[in-house]
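**Q** This is what each chain is made of:
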Amino acid sequence: MVEVQNPAKAPGEVLLALETGRITAAKALSQLVAMDKGTGGPREDEAAERRRRLEEARAELNGLIGLDGVKKLVGEMVAFVEVQKWRARENLATEPLALHMIFKGNPGTGKTTVARILGRMFKELGVLPKGHSIEVERADLVGEYIGHTAQKTREQIKRALGGILFIDEAYSLARGGHKDFGKEAIDTMVKAMEDHKDELILILAGYPHEMEDFLETNPGLVSRFPIQIDFPDYTIRELLQIAELMIKKRQYRFSEGARARLHEILLQVSLNGDKNSGNARLVRNLIERALRQQAVRLLHKGQVGREELMLLVEEDLPPKSQFKRRPEELFRARVRALEKAVAGGETTP
Amino acid sequence: MKSCVVIGQSNVGKTMFAVNFAAFLGRQELAIAIKAADGPDGARTYNVDEAILTLTGPEVHKTRNLLGQNLEMGVGKGRKPFYLVDTTGLSEGIHPNTQIRRAMAQTLGVIRDAAVILHMMDASAIRRDHPEIGEVDLELANYARMRPGYAILANKMDLPPAQEGLAVLQQRFQELPIFPISALRRQGFREVKRFVAQHI
Chain A
1 MVEVQNPAKA
11 PGEVLLALET
21 GRITAAKALS
31 QLVAMDKGTG
41 GPREDEAAER
51 RRRLEEARAE
61 LNGLIGLDGV
71 KKLVGEMVAF
81 VEVQKWRARE
91 NLATEPLALH
101 MIFKGNPGTG
111 KTTVARILGR
121 MFKELGVLPK
131 GHSIEVERAD
141 LVGEYIGHTA
151 QKTREQIKRA
161 LGGILFIDEA
171 YSLARGGHKD
181 FGKEAIDTMV
191 KAMEDHKDEL
201 ILILAGYPHE
211 MEDFLETNPG
221 LVSRFPIQID
231 FPDYTIRELL
241 QIAELMIKKR
251 QYRFSEGARA
261 RLHEILLQVS
271 LNGDKNSGNA
281 RLVRNLIERA
291 LRQQAVRLLH
301 KGQVGREELM
311 LLVEEDLPPK
321 SQFKRRPEEL
331 FRARVRALEK
341 AVAGGETTP
Chain B
1 MKSCVVIGQS
11 NVGKTMFAVN
21 FAAFLGRQEL
31 AIAIKAADGP
41 DGARTYNVDE
51 AILTLTGPEV
61 HKTRNLLGQN
71 LEMGVGKGRK
81 PFYLVDTTGL
91 SEGIHPNTQI
101 RRAMAQTLGV
111 IRDAAVILHM
121 MDASAIRRDH
131 PEIGEVDLEL
141 ANYARMRPGY
151 AILANKMDLP
161 PAQEGLAVLQ
171 QRFQELPIFP
181 ISALRRQGFR
191 EVKRFVAQHI
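Heads up: the sequence lines are chains A and B, in that order. The numbers in this note's numbering rise by one with no breaks, and the one at position 274 of the first sequence is 274. The numbers in this note's numbering rise by one with no breaks, and the one at position 135 of the second sequence is 135.
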């Protein structure tokens, strides 16, 4: 994720930034101007600012590798929201905006990242007043005794008002049958969706198979979540692009050997055929580990130049064998996948 | 006491103006309080010629501290005191020298509560076919234009090309008061004095 440099909030900070050489005198002056205008600034400035921030969020979304379906759908939603506003201006009937969503995808396919960006976009579009996103899971919603669940769930909803409530692994709410309190959490949420139509967007996220089961057992939910977005696994090519992007942002680069090693690892993981095969988080963890390894390597070496500080070599990445599963493990995973496929009536393992 | 700050890019003649303006107001001896960006504050007394010799010069960023003078001028029937502050020039871009950056921060610090801001530009450096006014100057004008005590001093009018520069400035900053002066030859000071007197 890109770190956005916060503009200074007080005149003193501006002067300090100038003093430490972070900004030019001209920039300092323009920041002081903005500050003096304060909140009572002209309205058109604010509209321009909103548009700029919207474009920023959009650019961030479009900067994500892959996810073409997601981008297209988000484009549609943004257009829809905008056009509804125009229609309202012409006194035409407007569709009520139902923007509750279901995100289906394996771990590390960008669900949380997209949710965060969406929050910002909806804020700038005027759909949500605050646009923050609260990420919760089963343990945050489900209580321990009767009556506790509704209270906990309501608390989380209250925190999320004005923004997005992102429920990760939402299918776990239906786990444990009828006596489980998860059901109560769902009921409370559905109620809140109706009560706070205009100030809350709910996103239920989870792994594709589990989510489908979840929706099947709760038919009322499907109609309340009109937008379903699939997050496909990243291809190896996309994962490599993601890796390049990540290290570029951190001002590192791969040696040829390192690039080949990363490719090998990703191939091996995809051969294992489990949920992690298209996982961008795996890539991030690999890179973060590589950065630490590089640090250790350089520290031992002592004298290093600028180039070396940027370069990640083959040895910084873990060997491919580390990701090889033992045959019996692999067998078990295959059987599990097969079983699931049979149960779901699908043909591909 | 209200303060009057002379500000602008480096080498446009701020210190020359501060010294000669004090002389124009009748000072022979200049008691200058030095507020250093880093290091201890100080005070010096010069006569006018000494001051011009030691404080001004052709090199960029000659002034690296705030130089303050307690002055007074006749306003109406009485005399009114004010504090004339000469500042470090603001440069375009990020200056590599820490001391100068600190001094520039100090400069911006004092204009925030100044009653009069005299924004000095070198009119002889602005040409009609090359009418770019520095980003710093534009931002400065943008920052201060709403203040009643803000005026632009088009300096170095004693140099021939300055007429052209003045025309460019007048066109660019139509709604703002612009005084053509020569800090070196003490020309145009009467108008500046009247303007300052209105705002202190």
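If you're looking for bench data, these hints aren't it; they were derived computationally from the structure. The structure presented is a predicted model; accordingly, all values stated were derived computationally and were not measured. Backbone N, C-alpha and C define an ideal beta-carbon position, used for all residues, glycine too. Be a bit skeptical, because a hint or two may be false.
As the list claims (entries may be wrong) - One-sided and incomplete, this derived list gives chain A residues near chain B with beta-carbon spacing under 8 Å:
#, residue
1, Glu-19
2, Gly-21
3, Leu-32
4, Met-35
5, Ala-47
6, Ala-48
7, His-300
8, Gln-303
**Q** For every hint, state whether the structure bears it out.
**A** We went through each hint and held it up to the structure:
no., hint, in the structure
1, Glu-19, "holds (4 Å)"
2, Gly-21, "holds (5 Å)"
3, Leu-32, "holds (6 Å)"
4, Met-35, "violated (10 Å)"
5, Ala-47, "violated (20 Å)"
6, Ala-48, "violated (16 Å)"
7, His-300, "violated (34 Å)"
8, Gln-303, "violated (26 Å)"
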